[in-house]
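Be aware that the sequence shown starts at 1, since it is given in this note's numbering, and climbs by one per residue.
Calculated from the structure, these hints are not laboratory results. Check before you lean on any hint, since a few could be wrong.
Cross-link-like lysine-lysine pairs, in silico, DSS-like; alpha carbons within 30 Å at most [said to hold, decoys possible]:
# : residue 1 : residue 2
1 : K231      : K52
2 : K135      : K231
3 : K231      : K3
4 : K52       : K35
5 : K35       : K174
6 : K247      : K174
7 : K3        : K247
8 : K231      : K247
Quantities reported herein were computed from a predicted structural model and do not represent experimental measurements.
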Amino acid sequence: MVKTLYISDLDGTLLTSEQRISERSLEIISSLTDKGMIFSYATARSIVTARKVTEGLVVRHPVIVYNGAFILNNDTGERLLKNIYTPEEAEDIYRTLSGFGISPLVYSIIDDREKFSYMPSRLTRGMGDFLDSRKGDPRHRPISEDSDMLTGEIFYFSCIDEAGSMGEAYEALKDRFHCIYGADIYSGDQWLEILPITATKANAVRQLKEYLGCERLVVLGDGINDISMFKAADECYAVANADPSLKEIADGIIGSNNEDGAAEFLSKHFSENTH
Numbered sequence: 001m002v003k004t005l006y007i008s009d010l011d012g013t014l015l016t017s018e019q020r021i022s023e024r025s026l027e028i029i030s031s032l033t034d035k036g037m038i039f040s041y042a043t044a045r046s047i048v049t050a051r052k053v054t055e056g057l058v059v060r061h062p063v064i065v066y067n068g069a070f071i072l073n074n075d076t077g078e079r080l081l082k083n084i085y086t087p088e089e090a091e092d093i094y095r096t097l098s099g100f101g102i103s104p105l106v107y108s109i110i111d112d113r114e115k116f117s118y119m120p121s122r123l124t125r126g127m128g129d130f131l132d133s134r135k136g137d138p139r140h141r142p143i144s145e146d147s148d149m150l151t152g153e154i155f156y157f158s159c160i161d162e163a164g165s166m167g168e169a170y171e172a173l174k175d176r177f178h179c180i181y182g183a184d185i186y187s188g189d190q191w192l193e194i195l196p197i198t199a200t201k202a203n204a205v206r207q208l209k210e211y212l213g214c215e216r217l218v219v220l221g222d223g224i225n226d227i228s229m230f231k232a233a234d235e236c237y238a239v240a241n242a243d244p245s246l247k248e249i250a251d252g253i254i255g256s257n258n259e260d261g262a263a264e265f266l267s268k269h270f271s272e273n274t275h
């Protein structure tokens with residue numbers, strides 16, 4: 001039997017439109033992992049918010065978070081791999097965003113803890129909504145001075161606003177960094193995410209495949225941030241609700257995120273390839 005790693009995106013793929021995993025999907029994946037399926041997920045979320053929406057999901061292997069910035073031990077949160085900026089790169093990005101009048105959320109590791117820094121006086125409506133959805137999150141780090149924004153090991157910039165200058169900032173940065181620009185699938189707000197050039201789902205899934213000693217990689221997704229992961233996989237499948245650009249490069253289209261499409265596919269594929 002070929003040792004296969006199965007990777008699913010979360011939002012829009014394994015999660016329903018209500019940002020949860022259905023009981024049916026939880027049952028299917030639990031049964032499959034009991035039978036030996038090597039399963040994990042790759043998400044744009046942090047481990048903090050990923051754990052909230054995957055409660056009850058059996059994942060016995062490392063997980064990929066922040067679009068490939070980290071590979072983590074799912075039980076302990078230990079960082080098995082991290083992709084961070086050099087201080088010069090972080091300063092370059094912050095200076096460029098400031099030039100376009102954009103104040104980002106800056107994610108960093110400070111004293112071995114993840115934090116996101118922001119200036120409350122410069123929050124956009126979208127950023128305010130995002131922060132409100134994370135009340136009580138220990139990563140909150142409100143500050144008042146620009147000089148404090150780039151504290152620690154920086155690994156991720158997130159900007160939430162209407163289009164306008166964010167599109168210009170994307171054009172200015174996309175050739176030097178891993179940039180993801182598009183509308184959030186839940187709120188519709190425009191997001192610009194900027195990561196180190198090495199922080200991609202593609203790099204992370206390759207590294208995890210090697211780490212686990214797997215021979216094949218099968219991935220599932222729905223969004224443009226899954227494109228690199230699809231290109232790195234041996235097989236790739238888009239849910240029915242996926243972005244058209246992802247469907248174009250997929251090996252097949254499976255059921256939607258609200259129809260247990262990912263779990264049903266995993267059950268069928270794993271069964272067909274273990275007999």
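Each hint, compared with the structure:
Between K231 and K52 the alpha-carbon distance is near 29 Å, which keeps this suggested pair within the 30 Å criterion. Restraint check for K135 and K231: not satisfied, since their Cα atoms lie roughly 36 Å apart, outside the 30 Å limit. For the proposed pair K231 and K3, the alpha carbon gap of about 19 Å is at most 30 Å, so the pair holds. Proximity of K52 to K35 is assessed by CA-CA distance (about 25 Å); at most 30 Å being required, the pair is judged to hold.
At most 30 Å may separate the alpha-carbon atoms for a hinted pair to count; K35 and K174 exceed this at roughly 42 Å. Under the criterion of a C-alpha separation no larger than 30 Å, the hint pairing K247 with K174 is consistent with the structure, at around 23 Å. With a CA separation close to 26 Å, the supplied pair K3 and K247 stays within the 30 Å bound. Straight-line distance between C-alpha atoms of K231 and K247 comes to about 12 Å, which keeps the hinted pair within the 30 Å bound.
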